[in-house]
Every structure is written in C-alpha cells, then in structure tokens.
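Undergrad: Here is how the chains run, residue by residue.
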Amino acid sequence: MHRKKETVDSIVLKQKKGVWLRFIRVFPKCHLPWGFLAIYIILNLGFVNIGLSETDYTAQLFAGDTSAALLTKLVGIIILNLIGSNLVIFFRQITSARINRNMRSVVLDQVMRLPMSFFKKENPREAVYRIVSNSIVIDSTIMLVLLPLVTAFYKAFSIFGRIFRYDWRLSAVLIAFIPIQFFLAFLFGRINFSLTEREASIKAGLTQRLAELVTNIPLAKAFAKEEREAGRGEELTERLYKVDIKTGWFGQFEDLSRTAVDLLQSAVIVLVGVVLLRGEMISTRAWIAFFMFSSLFTGAITEFVMYWSNVKTIQGGADRVAEIMDAPKEDQAGEACTELTGDIRLQEVCFGYEEEQPVLEGVSCEFKDHCITALLGASGCGKTTLMNLLTRLYEPWQGAITIGDRPVSDYALDDYREQFVMVSQNGMLFSGTVRENVCYGREQVSQEDFTKALVQAGAYDFVQEMKDGADTLLEEYGNNLSGGQRQRLCVARALLSQAHYLILDEPAASMDAIATAELMEILREAARGRCMIVIAHTAAVLAIAERAVILEDGVVSAQGAVEELMGTSRFLREFSGNTFKDESDGQELAVENGRGEQR
Amino acid sequence: MKEQMQKGMWKRTFGLFRNIRIPWQLYVLQVVLGILSTKVALLYIPYETDLKLGNIEDSGVLWGYIGFQMLSVLAGIAASIPAFYSAAVVKRNLQNRLIGHSLRLPLGAFEKNGSRMVSWITQDSGYAEGLLTSLVGFLTGMASVYMSVAAMSAIDVAMIYIVPFLLVYIVFSTWLEGKFMFLRERRGRRADAELTAYLAEHLGFFTQIRQLHSQKEESRRGKEAVQRFYQAEVYQAVLTLVNNFISSPITNIITILVFVMGVPRVNDGSITIEELAAFQNYILIAYGSLSSLPGLYTSLMYYNGQLFYISGLMAEKEEVYERNRTMDMPDADLTFCDVTFGYGEKPVVEGASFTVPHGKTTLLVGPNGSGKSTLFKLIERFYTPDSGRICFGERDAQEIHLKEWRQSVAYVLQEPQLFDGTIRENINYGMNREVSQEETRQAARMACAEEFIQELPGGYEFEIGENGCRLSAGQRQRIAIARAVMLDPAYLLLDEATCNLDIYAEMLVTEALVKLMKGRTTLMISHDMKMLERAEHVVVLNQGRVEAEGTREEVQAKSEILRKLIIAG
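Protein chains in written order, with my numbering: chain A, 309 to 907; chain B, 366 to 934.
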C-alpha cells in the first residue's frame, strides 16, 4: 500500500519536471514588465536591510543605551521602514496588475489563433474561459514563488551576516538548525498536505452531490418526493460535517507540529545563549541582538519553505498555460484568394474528433454553385462536422476537398474563411445594440447596406418596432428576442458579408411552423447568386432546396436533385413524411459537434 | 426610512438562526478558553522580557519561558477546538434547514434563482457561523483588553494614557478603512464582473468567432476589457497605498510612542528598561484585542452582506402542502374557468376557459409563446392562477392536498430531467415503496426501453451520468416515460415529448407514449400536426387566449391560427 503511494508520487514528480521546463519557456513570450519588476525587486531587497537595522537599534536600546541620539535614529528608521513597506506593497500590486494585463492579452491572442483540433474532447467554451482565467498563473509564479524565494533567501543571508558580526559561534548554531528546520517543515508539510488533500477531494465530491440535489429540486417537487430528498440532503450534510471536523483536527495537528518545531528551536537557542553568556564569551548586547535576530531568521526559513509549497497550488494552472502558449497557431500560409466560386467537391473524406472513432467514413459529395443544397441526416450523423471540415476548422484525416477543381488547402486560411459565412444553430448574439450585433466582424457598414440586410432577412419590421430601433440594447445572448427573431438577425449578419458560400446549420431550430415557413422564403431570396448549404434534420428545408445530400452512418447514402431523390431514396420519403416537425435536436447535436455551442 | 430598512435587514439575517439548533455551550467554551489563553500569554511576557534583555543567568527564567510558551500554544489550540466544532455544527444544521425549506418553496422561487441557489446552499451557508464567531471574538477581546491594561498600569500609570489615544485612532482608521474598502471593492467588483461577463459571453461562441472571421475584433475587444480591468487594479492599488499610510502603521506608532515617552522615564529612573520592554509587549497584546472591537461592526456588516441571499431565501414563503381534501374522488374532468396568470406584470395566460375531459387524449396546440407550457405548470400547481379557478370535477383544485395532487399527475417534458444515478433508480424515482425488479422491467418494456437498457454495460445498474448525459436524447426520453409508467398516474402531461428526437428515435418514443396514454387522461402539447389525428379533443391557444376548443373538425373550422399552422407545416 505504502509502496504504491510512493510510485504515484514519483510519477507526479516526473510530470512536474516537464511542466516546469515548459512553463519556463513560456516566460519570454509573455511581455513581462521588466522595468516594474526591477524596481519592485530593488525596493523589496533594499527594505530588508532597513528592517534589520530597526532590530539592531532596538537591541541597542534594550541593552541600556537610552541616549537621545539613538532614540532619534530609531524613530527615524521606524518611519522610514513604514514608508518603505507600503511602497513595496504598492509596487507589488502595480507590477502584478501589469503582468496580468499583458498575460491576459497575450493568451487571448493566442487562443483566437489556435486550431480547433487543440480542444479535443473539451468544450471550447469552458476550455477558453478557464485558460484566460488561468493566465494569472504567471503572476502567481513570480509574485508568490520566485520573488518571495529570492527575498526570503536574501533576508536569511543578511540576518546571518549581522549575527556573524556579533559572534561566529551564534551563527554556527543557526546554521546547524537549517537542515533540521527544513526537514521538519517538509515532513509536516507533506503529512498535512496529503491529509488535507484527501479530505478536500472527499469534500468536493460531497459538495458536488449536494449541488446536484439542489439542482434537482424541481424534479423532486414534480414527483412529490420532498421528504426523500430532504433525507438525502441530511445524509450528505452529515458526511460533510464529519469531513469538516476531521479537517479541523488536522489543522490542530498542523498548528501543534509547527509550534513544536518553534519551541524546540528557541529552547536550544536559549540554552546555547545561556552557556555562552555564563562563560562570558559574548556580551549582553550581542545576546539581545542574537535573540531578536534568531526569530527573524527562523521566520525567513519558514517563509522559504512556505513559498516553496505554493508551487503545488499553481502547478495545474501553469501546466495549462504552458500547453496553450506552446501550441502551434493555425497555419496562415497559402495563396491569397479574393473571390472564390465554383462547385464544392468532397472525395472520400474521413474524419473523427478522436482517434479510432471516425465520424465521417469516406464521404464523397458535391455542392453545386448557384444552388441551394439541403444536407440531411439523422441527429449525430456528422452533418455539422462535414461543414467544419469545409470551413477548415479541422483538417480531414483523409480525402480531398476541392472548390472549382482546386484543393481548398491551397488558399491562405483567413482569406479562405472570408469566402464562407455560417449561421449556426444558436447564433452568436451578445449584449450590445442590434446594429453592433448585425455589423459584427465588419469594419464599416453603410446605413444603406445595413437596412438592406435587415429587409432581406425579414428583420426590418420587428427591429423598427423595438424601443430604440436598431440601437435597442440586446440582453446577454439576445435573450429578449424570440428564437425566430434571433435567427433573422444572424441571417442579416450573414447577408452583410459578401461571402459567396452561405452555410446554415439547422436554421429553423426552435421555431414554430409559421415562422419556419417565413424563414425559408427569406433564405430562398438570400441564396440568389450564391451557393447555399442548409443543414437540417427536418423536412421544412425541402420547400426551398433544389438538391439534397443525405448522410447516413458516416457516408453519403444518396445525393442529387430533390425531385429525383423523392423517387429513389427511402430515407427522403420517410423524412418528408415527417413534414410537421420543426424543432431541433439540441442535445444530440451537441454530441455530434462535440464542441457545439449549446447554451 | 433607511434606518428601518437596515433594521429589517438585521432582523432578516438573524432570522436565519431562529429555526436552527445552535450549540451555545461550544460558544461559551470558546469565550472561556479564549480568555484563558490571553491570561497565559500575559503571564509569559515577564519571562520573554528577561530573555530579551539577557537576564538569563537564572535558569528559572529559561524553564518559565519554555513552559509558558508551551502552555500558551496549548491554550490557543484548546480554544480553537470548540471553534471548528461549532462552525461545522452550525453549517450542517443551517444547510439541512435550507434544503428542507427550498424543497417546500414554490417553483417560482426556483426559476427565479435557479443555479445560484446551489452556491447559496453549498457555499454561503458556511458564512453564517462567522456572525456568531465575531460575537465571541468581541467578548474575548474585551476581556483581554481589560487584563492587559491592568498589567500595564502595574508598570507605569502615566504611560497608560496611550491606550485611550490608541482606541480613538483605531476607531478612526477602521472607519476610514471601511470607506476605502467600499470604494475599492465597488470598482474591483465592477471591473471583475465586466471582464468575466465578456469572457463568458463572447468566448462562449468560440467556433462562431472563427466562422465569422472576427478573431481580430474579439482580440481587440478582449484587450479593452483587460485594459479596463488593469485600470481598476491600479486605482485599487493607489487607494490601498493611501489607506495603508493612514491605518496600517498603528503598531509602528505604538512603538514610537512607547520609546519616546518611555526612554526619558527610564533616564529619570521612574521605570527600568526591563519594564519598558515589558510595557511594549503588553501594549501590543492590548492593541491586538482593541482592534478586534470596532472590527465587530465591520464583520457584522460583512457577514450581513454575505448572508444577504440565504437570509432572503429563508424569508420566502413555503408552499402549503396540507389542504382540505384528499384525492379520493372518482375520476373527473379538469376544467379551467377564466384563468389568468403571468410571471410578471404581463399575463401569459388570459381568461383561459377549457376542459380536459377525463379518460381522453387532449391536444394543446398553438404557436411558440402562446402559453402552453405555462398551462401545464398551472395544472401541476407549481403556480397559482392570478384569477380564475382550475377545477377537478366540481371542486377547486386548490382544496386538494398538494402532495397527493402531484403524485397523481405525471409530466413528460421536452427535455427530460434525470438525475445522476442508475437507470433503475431513475425509473423508480417516483415510487414511495419498494419496487421489484420485475416491475421495473415491466415499466421499461412498456416504454420501449428494455432493449437498449439490456445492451448497456450493467443493464439496469448503468450509471447514466449527470442529467443522463451518457444516454442519447431518445434513450433519455424513454427512461422518463418508463418513470411515468411506473407511477401509473391518473393524469398525463406531455410537453413536446418527441420534438428533440430524430425520426427513428421519435418512432420508438411515440410507440411508447401511445401505450402509456391508453385509457388515461392525457393532455399533450405538440407541434406535430399528425397528432391531431390521435387527439380526441383539441384546444387551440394563441397569445395566452383559448381560440377554439372541440373535436379536430370543429377546431379546424373555427381556428384560423390552426389552419395556418397546418398549412405552414
């Protein structure tokens, strides 16, 4: 049992080494405010000595020097120290703020340029959020680990120097204590860490279950299970209580162990002092100074150990930031393209988000230019994935994607994506005005173009009816609009872009039949002169689509003109028989996307 | 007026403790032990002073020093044992009370606060204890000031005048610190909220940022938010600097005062240097305690803020479960008589009157936002109509015991709510008795779920994950249906139970539903116009009003919106 734990520890240690190496390499990339850091370090170290002089003078006072000159010096140095320590805090805060600002900006830039494949299993939303919050880890490393370590070391060294000036034997005692102190501090730190760590994870689990219980209250009410849930709640809180008590006792143990070390140490120091004083080997004044400095010295050593243990707490975050900063950005090389036109062809395209789990297993199909093509299939069959490949959010494992007979990978990524505009299932609307939302991502939009887009998207009327027209503020995620209205604003935004290829992912999601029919007419208009692909798992789209591609089990089971397919494809017949359905497949699509933005 | 509000706030906060058991004996113990440890610390000072001044020839000093130091550590530890016990007890008791209370709150309270309630109950409940602890701190603080001042006056009465000066200064600086803290926190919270909101909202659309090729714009906007956050931090740092110059140097001022006043007195022989050193130690102890006194007010205000939400939650009224009648009447029609209801000022349902005939399938149709789901919540009695009545036969539904009522109604939603647990636990959830394996199987079979359950690893013991995330949407829905089958309810409410499914899953779920609906009073919401053929009774809802009611042919003739829906579909 014991051995097993050790091996686990050594693995952790090994991983840690890699992490730190990688982490150090990140430093040059983060635009650190070197000037501020330098000032902070100089101030910090400078005032260590002034603090020590205060102790020196106090020792002289207590040794019996009550002259006015000493008193003046002492008062002066106390005031100086006071100003200094506040300035140090001030510079620390400013420096931290600058480090964090620079770091957040750098990480944000980096994240925006990461390829989607970076996020593998994770939902990018959470990943990105966590990454940006984690970026303060650089500051924590510098301010909570590196600099304090330097300061603590310098402090210990200076104190040691001063004591050495009084008597070398005293300093020898302190030196002898260093290894013991380190050993004890690490030992107790280790024990406490493993004890509290375990309790903390038990506690996190219990809290999670309690949270779930609270979340499920509406369910409990609907099934009239209030008493049962209250009982389960009491069980959980009782267990949490026991963990709290246990942690409390561990805390006591920690306090006791720490003070035991302190006690032992001061006892030995005093004993040595007594011997030296009685043998008249040192003066009373040297003893007073030694006694005062020795507690400062042990304090500095304890600090050293403490800051070192901070390393553990920031390790996870450091790992993540290092990974992000090290990751290669999306490749921007390639031929510039301004106006891309032509049929889109996919040949034997294979792709999956995870190895050995292909979502698309050899897809070959065609999306003709100047034509509305419906991309149909059951939920989870890979429709959205296919479009993600087309817009080069991911690279296919195998197979070719061409537009007008040229492979799409020939073109520079940014230019290429400009040729596409995609309207997602839950369109991106954010808090801001209608105009900001519609013109999002465009630099300059004339009033004329703006109005035209609104009219074309069938959004003009309801926007006019809003309180401040196009300057009405939308709530977060456009919550103050209906699903249909949100979708129309997203269509308007898409129309503003001059992109030739228009992709709509389940545009009629969460709309009723009437609204869906209206939207389809709008789309028919919008598609003029463009190439439009509409992803759907309901039949409403067949009202406007000229062609269809049917995806089943990762391959294209049929494609062609809609009228022809009606005769030949069993899938399409069943599909259109299901004419009245008009809602989206929220959950399953999230699984399909793997990374879909479901709110 | 403002004062009254303040008073109400305090009443509300302390109201939290009204219905929970508080371990008073532990708090008394804390006060006693707290005073004891101060006493020990004071007794220890003469020994420390001797050491500091080098009077260590006498070995009694050495052993006294070590002995008292040990004693003071032990006393401190002894005082903190009842402290963590009481904290854990109060937290547990409060959590239990909060959970029980939340379970009995009307659903509206939950919809309003939803996810935040989780953190209130799991996190904020831990703060309540701080309110009691700060009272304990105040009492021990008082005692310790008294004791240390007594020790100081034994040394030199003339210098004791530093203490009242100190008190005034502490009160002033605490007040000032409060002001600064407020300014700092306000700016800080705002900037923090802004940055978090930006990150949460914009980065949430990560894929779409790509698709709209707006990485550059997002980078820019993000940096602006980051820059504003930075400016707020600088502002905070400046405030902290000013504040620290005024309120942090108290210990330094004490040291200066003691030396400036004391050294001349040492020189003229009124006190010895030993006494001066001891005096400095005593006054630092006194300062520690003194500063905790005005801290009571600050910490009360702090905890008042922390407990604002849970005390508000506690103040909300629970649902009345006990009513006048039991549900033992024969099956009857459910009738809405002129029911009006809204969540805010705007009514969602206006003067709705219609009947859900017993034993039949009734279809509720209407465009999005016409109030269909709200009607369901009214039937479940999660909300009470603002006006009008919902009747069960001849009786007002309000008269019937709430629990019995809800047990006789099963609700299958568009998004089924399942909990993290096994399939068996989820299917059996509504039952109040032991359920045999065969019964669970039977229910699963009825819900067309048995086949897929058997294919899962562990079968009925398969853990479905949070909200059933390890199952597909169709599978989740069938588990929810099996759960409803198990209940064997008199009334069945189906809210778009098939709309999240693709056609294959839908076929299976529909088959399961048809079995479940047979011979049961069913009210269903559906966008699927095919359901019109299944329904024996149809109610058309438009903008909160009932537009038509009757058989399929009747409503089709009467309702324009229905005709539109049919054509559009």
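Treat the hints as calculated values from the structure; they're not laboratory data. Computed from a prediction, not measured in an experiment: that's the story for all the values here. Honestly, I wouldn't trust all of these hints.
[Stated by the list, open to error] Facing chain B, according to a computed beta carbon distance under 7 Å, are these residues of chain A, among others:
{"no.": "1", "residue": "H339"}
{"no.": "2", "residue": "T374"}
{"no.": "3", "residue": "F531"}
{"no.": "4", "residue": "I553"}
{"no.": "5", "residue": "E638"}
{"no.": "6", "residue": "L701"}
{"no.": "7", "residue": "D718"}
{"no.": "8", "residue": "S732"}
{"no.": "9", "residue": "G749"}
{"no.": "10", "residue": "V753"}
{"no.": "11", "residue": "G837"}
[As the list claims (entries may be wrong)] Computed cross-link-like contacts, DSS-like style, restricted to lysine-lysine with a CA-CA straight-line distance of at most 27 Å:
{"no.": "12", "chain 1": "A", "residue 1": "K676", "chain 2": "A", "residue 2": "K637"}
{"no.": "13", "chain 1": "B", "residue 1": "K588", "chain 2": "A", "residue 2": "K337"}
{"no.": "14", "chain 1": "B", "residue 1": "K768", "chain 2": "B", "residue 2": "K682"}
{"no.": "15", "chain 1": "A", "residue 1": "K511", "chain 2": "B", "residue 2": "K588"}
{"no.": "16", "chain 1": "A", "residue 1": "K775", "chain 2": "B", "residue 2": "K376"}
{"no.": "17", "chain 1": "B", "residue 1": "K456", "chain 2": "A", "residue 2": "K637"}
{"no.": "18", "chain 1": "B", "residue 1": "K929", "chain 2": "B", "residue 2": "K768"}
{"no.": "19", "chain 1": "B", "residue 1": "K588", "chain 2": "B", "residue 2": "K376"}
{"no.": "20", "chain 1": "A", "residue 1": "K637", "chain 2": "B", "residue 2": "K544"}
{"no.": "21", "chain 1": "B", "residue 1": "K725", "chain 2": "B", "residue 2": "K711"}
{"no.": "22", "chain 1": "B", "residue 1": "K376", "chain 2": "B", "residue 2": "K682"}
{"no.": "23", "chain 1": "A", "residue 1": "K760", "chain 2": "B", "residue 2": "K711"}
{"no.": "24", "chain 1": "A", "residue 1": "K554", "chain 2": "B", "residue 2": "K581"}
{"no.": "25", "chain 1": "A", "residue 1": "K550", "chain 2": "B", "residue 2": "K929"}
{"no.": "26", "chain 1": "B", "residue 1": "K711", "chain 2": "A", "residue 2": "K337"}
{"no.": "27", "chain 1": "B", "residue 1": "K880", "chain 2": "B", "residue 2": "K923"}
{"no.": "28", "chain 1": "B", "residue 1": "K725", "chain 2": "B", "residue 2": "K682"}
Note that CB positions come from ideal geometry on N, CA and C, so glycine has one too.
Undergrad: What hints, given by number in increasing order, does this structure fail?
TA: 1, 5, 7, 10, 11, 12, 15, 16, 17, 18, 19, 20, 21, 23, 24, 25, 26, 27, 28
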